[in-house]
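Enquirer: Taking the hints into account, I'd like the entire structure generated from these sequences.
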Amino acid sequence: SAVISQKPSRDICQRGTSLTIQCQVDSQVTMMFWYRQQPGQSLTLIATANQGSEATYESGFVIDKFPISRPNLTFSTLTVSNMSPEDSSIYLCSVFGPGLAVTDTQYFGPGTRLTVL
Amino acid sequence: DAKTTQPPSMDCAEGRAANLPCNHSTISGNEYVYWYRQIHSQGPQYIIHGLKNNETNEMASLIITEDRKSSTLILPHATLRDTAVYYCIVKGSYGKLTFGQGTILTVHP
Chain A
1 SAVISQKPSR DICQRGTSLT IQCQVDSQVT MMFWYRQQPG QSLTLIATAN QGSEATYESG
61 FVIDKFPISR PNLTFSTLTV SNMSPEDSSI YLCSVFGPGL AVTDTQYFGP GTRLTVL
Chain B
118 DAKTTQPPSM DCAEGRAANL PCNHSTISGN EYVYWYRQIH SQGPQYIIHG LKNNETNEMA
178 SLIITEDRKS STLILPHATL RDTAVYYCIV KGSYGKLTFG QGTILTVHP
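Protein chains in written order, with our numbering: chain A, 1 to 117; chain B, 118 to 226.
Simulated from the structure, these hints should not be mistaken for lab results. Hints may be right or wrong, so weigh each one.
Said to hold, decoys possible - Label pairs and their calculated CB-CB ranges:
(1) Met127/B with Thr115/A: 28 to 36 Å
(2) Ser59/A with Lys186/B: 26 to 34 Å
(3) Thr173/B with Gln38/A: 14 to 22 Å
(4) Gln159/B with Ser69/A: 41 to 49 Å
(5) Ser1/A with Ala134/B: 24 to 32 Å
(6) Lys186/B with Ser53/A: 18 to 26 Å
Stated by the list, open to error - Restricting the straight-line Cα-Cα distance to at most 16 Å, the calculated cross-link-like pairs of lysine to aspartate or glutamate (EDC-like) are:
(7) Lys65/A with Glu54/A
(8) Lys213/B with Glu86/A
(9) Lys120/B with Glu131/B
(10) Lys169/B with Asp199/B
(11) Lys213/B with Glu58/A
(12) Lys169/B with Asp184/B
(13) Lys208/B with Asp128/B
(14) Lys65/A with Glu86/A
(15) Lys208/B with Asp104/A
Stated by the list, open to error - Heads up, incomplete: computed chain A residues facing chain B, CB under 7 Å, no partners named:
(16) Ser18
(17) Gln22
(18) Leu43
(19) Leu92
(20) Gln106
(21) Phe108
(22) Gly109
(23) Pro110
(24) Gly111
Every value quoted in this text rests on a predicted model; they were computed, and no experiment measured them. In this text, a Cβ means the ideal position worked out from N, Cα and C, and glycines have one as well.
Expert: Following this line, the structure appears as structure tokens:
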């Protein structure tokens, strides 16, 4: 199984500022995902990040608000830009791989708990 | 990917088997059934997955009906640490898990 770490584990930010969340995996993986979990809700996929290409965003999420980088096969960042209190959520990094077989398992990081004041 | 339906909550006594049902009546032939759980505010944890045969690992057993329209996750001897939200997800190829609301399982002494 893949071991995933995220930084920071939690943060409290002021509205209007931006926060960059880092995701590090202990092995090379093809696909990385970013999810958001709002308080009391289930997980919602923000975007899929593949190395060497632009991230693919789900409906309702845009690059200007959630820019993503994927510089190599073990690392990705998600930035939450121009934050408002509605962005208060847990942000989770997830990886799928190492291959693209349908039976490969998707693993999740511990999450970053963001509170926007 | 096919949609799943789960009861919003269930209770189980510690030491007893917890049987969590899931309906996925629109599942297609190449889609797998995955189960994850999320213990309070942690990242989801993979439990088990299957296609059409029953599966068992160190955490749980997965029973899939012959028509594949429903499945049951079985925790054989539930403990207090199994209290969590359990997600049943039907997934095709190339990842991208889509989460529903899941079942809140509460294990009580």
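Enquirer: Decide, hint by hint, whether the structure agrees.
Expert: Hint check results:
| no. | hint | result |
| --- | --- | --- |
| 1 | Met127/B with Thr115/A: 28 to 36 Å | holds, 31 Å |
| 2 | Ser59/A with Lys186/B: 26 to 34 Å | holds, 28 Å |
| 3 | Thr173/B with Gln38/A: 14 to 22 Å | violated, 35 Å |
| 4 | Gln159/B with Ser69/A: 41 to 49 Å | violated, 25 Å |
| 5 | Ser1/A with Ala134/B: 24 to 32 Å | holds, 26 Å |
| 6 | Lys186/B with Ser53/A: 18 to 26 Å | violated, 37 Å |
| 7 | Lys65/A with Glu54/A | holds, 15 Å |
| 8 | Lys213/B with Glu86/A | violated, 24 Å |
| 9 | Lys120/B with Glu131/B | violated, 31 Å |
| 10 | Lys169/B with Asp199/B | violated, 25 Å |
| 11 | Lys213/B with Glu58/A | holds, 11 Å |
| 12 | Lys169/B with Asp184/B | holds, 9 Å |
| 13 | Lys208/B with Asp128/B | violated, 27 Å |
| 14 | Lys65/A with Glu86/A | holds, 13 Å |
| 15 | Lys208/B with Asp104/A | holds, 11 Å |
| 16 | Ser18 | violated, 23 Å |
| 17 | Gln22 | violated, 15 Å |
| 18 | Leu43 | holds, 4 Å |
| 19 | Leu92 | holds, 5 Å |
| 20 | Gln106 | holds, 5 Å |
| 21 | Phe108 | holds, 4 Å |
| 22 | Gly109 | holds, 5 Å |
| 23 | Pro110 | holds, 5 Å |
| 24 | Gly111 | holds, 5 Å |
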